[in-house]
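Order-wise, the sequence lines are chains B and S. The working numbering applies: residue 1 is where the first sequence begins, and numbers increase by one. The working numbering applies: residue 1 is where the second sequence begins, and numbers increase by one.
No wet-lab data here; the hints were simulated from the structure. Among the hints, erroneous ones may be present.
As the list claims (entries may be wrong) - Computed cross-link-like contacts, DSBU-like style, restricted to lysine-lysine with a CA-CA straight-line distance of at most 35 Å:
# : chain 1 : residue 1 : chain 2 : residue 2
1 : B       : K70       : B       : K14
2 : S       : K37       : B       : K9
3 : S       : K68       : B       : K9
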Amino acid sequence: DGGITQSPKYLFRKEGQNVTLSCEQNLNHDAMYWYRQDPGQGLRLIYYSQIVNDFQKGDIAEGYSVSREKKESFPLTVTSAQKNPTAFYLCASSMTTLTEAFFGQGTRLTVV
Amino acid sequence: EDKVVQSPLSLVVHEGDTVTLNCSYEVTNFRSLLWYKQEKKAPTFLFMLTSSGIEKKSGRLSSILDKKELFSILNITATQTGDSAIYLCAVGSYNQGGKLIFGQGTELSVKP
Numbered sequence: 001d002g003g004i005t006q007s008p009k010y011l012f013r014k015e016g017q018n019v020t021l022s023c024e025q026n027l028n029h030d031a032m033y034w035y036r037q038d039p040g041q042g043l044r045l046i047y048y049s050q051i052v053n054d055f056q057k058g059d060i061a062e063g064y065s066v067s068r069e070k071k072e073s074f075p076l077t078v079t080s081a082q083k084n085p086t087a088f089y090l091c092a093s094s095m096t097t098l099t100e101a102f103f104g105q106g107t108r109l110t111v112v
Numbered sequence: 001e002d003k004v005v006q007s008p009l010s011l012v013v014h015e016g017d018t019v020t021l022n023c024s025y026e027v028t029n030f031r032s033l034l035w036y037k038q039e040k041k042a043p044t045f046l047f048m049l050t051s052s053g054i055e056k057k058s059g060r061l062s063s064i065l066d067k068k069e070l071f072s073i074l075n076i077t078a079t080q081t082g083d084s085a086i087y088l089c090a091v092g093s094y095n096q097g098g099k100l101i102f103g104q105g106t107e108l109s110v111k112p
């Protein structure tokens, strides 16, 4: 089945550790996105990529990094520089940046 | 600064009621407005609106865009308990590539 797969669903990490969230899509979409969702704040864009080997910062990129070496994959690393990393992270993809985005099931990251 | 505001933030209705959710926006170089439904994890795509005054309909859900007054409404008729979810409105701009600006969401609860 075509879709977007995020893993893991739940992730616990100690403060000060880097952690990488996986996002894979088999929809042959060019564009991929990472959003962060906090209660009462809607979704905020962390990074997006319009094409392989290219990505741009979103509104809250500080403390995060991404790579886009393959069309299907857009992993997000939450670094120790991110001051408040506990959140629900959503990955999305779209055929182009002008079409609707489809979301994965999300990863809930808890930093203790 | 671009922004998207949804109202109300939360709403409780009974099965069979009709609800109207609002989304207003201030976005330069508007491209499209999208509605999503988020039940537990992944937001699922409902509608994408680009033209003013043309209603999009899917079953009991419908939506319309007013580009002069800068808002959209999402109507749900004959609500069911399965309509309980967070409804997200997002706006895309030609200025910002694939970036979607999300509102805070409206949490709808439908009681039996």
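Hints and how they fare:
With a CA separation close to 29 Å, the supplied pair K70/B and K14/B stays within the 35 Å bound. Straight-line distance between C-alpha atoms of K37/S and K9/B comes to about 20 Å, which keeps the hinted pair within the 35 Å bound. With a CA separation close to 42 Å, the supplied pair K68/S and K9/B exceeds the 35 Å bound.
Checked against the numbered hints above, the structure violates only hint 3.
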